[in-house]
Amino acid sequence: MHDLILAAQSAGELKQGLSSIGAGIAYGAAAIGPGIGIGYVVGNAIQAMARQPEMQGTIRTTMFLGIAFTEALALFGFVLFFLAKG
Amino acid sequence: MLGAFTFPPIDEIFVWKDIAFKDTAFAINKTSLLVLITALLIVTIFVAGTRRMKLVPGGVQNVIEMTYDFVDRGITRDIVGNDATRFTPFLGSLFLFILFLNLWEIIPFIQFPPTSRMAIPLYLALQTYVIYWYVGLRHHGLKYLTGHLFPPGVPWPLYVLVTPIELVQVVLVRPFSLAVRLLANMMAGHILLTALALLTAYSLKNAPIISPGPFLLNIAVTGFELLVGFLQAYIFTLLTAVYIGDSLHPDH
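Same order as they appear, the protein sequences are chains A and B.
To convert, note that position 27 of the first sequence is 27 in our numbering; the numbers rise steadily by one, no gaps.
To convert, note that position 69 of the second sequence is 1069 in our numbering; the numbers rise steadily by one, no gaps.
Isolated chain B, as found in the complex (with noise of 0.2 Å):
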């Protein structure tokens, strides 16, 4: 009944055709224009929402000001520390940034995460890198890294083991762990949400008996997917600041 079935190659429910400045390094597609709209979206909210603050905040201004909240004491003062405050911008832009960009997967006639195409995890991801190897840098110095290769504590024929290990760790490992969490997450869920789709338009033609199984399981995987999208965009700030926590603290 359903052996004819057959799901599109992969490429074609991931890479689009260029919508504007064809053949040229500026070429638009639709997961730039979608990462170009969410930017653009934030700072809309946030300069709009805090134009005139009240000292009792209402509508907007109280969601923005929830938002700040939970990031400040949620993420940077618990994970990075009370002395870290001034992290708590960049955190919460990176939060809202990823939370945005997973919720396109789940709103009608758009129905693509960008964050499943690797350019932005991973440009994410270098960020994060670039950010804690300079504040590990700027508050230790070089201790910074041989605090890390070297770790205190550990007998010295250990070392043998332990360096390698934490070098691949701190050099490959996190920056790429980081952007293929995201990634892989939100591909999954975009390749669910197809293949459940599909199947309902197929079942629907050819089987009606059965298509509300599909459709049904659709609605399911979609209200699962507005909390995956959620918790990997605090997963991805998480780790961000676990790990500048680790670079301004690393004896902890």
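The following block holds chain A by itself, in its conformation from the complex (with noise of 0.2 Å):
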């Protein structure tokens, strides 16, 4: 009977840690693509800007567009890992 009670806490142990492990990957694994596209978007938008400085403030602009909407990814990833923990 005791050993029981033991192995059903263990289980839930198990579960817990396994979901905690998860969690972990998941939002590693979201923060990879939008890593490579914010470094892409950023990249050509400063190569823009030096090329023509006179359409700073556009560039700038649409910059910050194209980041927010590649950001996401990454954000949903991290809501995840907390709904995926808790």
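Here are the simulated lysine to any residue pairs, SDA-like style, with alpha carbons at most 20 Å apart:
1) Lys1143(B) to Val1130(B)
2) Lys15(A) to Ile1010(B)
3) Lys15(A) to Pro1009(B)
Just so you know, these hints were derived from the structure itself, not from any lab.
Work from the hints to combine the two standalone chains into their complex.
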């Protein structure tokens, strides 16, 4: 009987541990793509600004828009991290 | 050395006890109190600052005019269009409200951004949602909907693919990502600052030699959060402007 209770307890802990690991991996994986994407957006925006400094204002606004759209995916992963862990 | 350091459960740094009107629908906690204070603060600053307007502005009036100009030129005219200055008051108050709410994150002794609770970003995003649907339907009627779902210039077999994607995009993804972006950014900032502050306190007690590390990092991150708070307010307003502009001139 005592062994059974211990087994049940460790099963619960195992589930919690696994879901924590899963949440960590999910957020890590969700950060890869947007990381590369934001790098592209900002890199190309800087290149465009260097080539045509007179367009700086428009390019910066568009860059922030691009970052916002790309970043959303990483943030979904961040929220999922808390949902999966809880 | 730092093996025993435990971070408190996440609820502990986001959920606050009720201060007044306990157990009713109008219960007030730290979050809603900060929202009320923010609203009153903005109204007070603007009413007091524009009471005696001068032709050559100075002091508070100058700051107010610069803010209005920033929203009017940088956001409304650039993104929505020159014919849409009637949206400037809405976009301006949206920008200021979110900015002030975000800045509570780094004000000493308060240090909690109310925008890191889902209710506030979600409400603001739904407000945007209702406004851009209303503008689109009012200016273009049902053509607004069909223009979105069946974009012209696409070969008709592709509508099988395009229409569901556009439907999910307009109905679900736009307001959801708008709210989640603001929420997750402020939440991440708050968690980061809390973790660094706790780490400073803990290392001061157990290993004082390394405590300047987290302390200096905490100050640096506080400066970074000032930038993030401003940027998120700007991005939220900018995207609202983009969505409204998309409803006004869908063909651009």
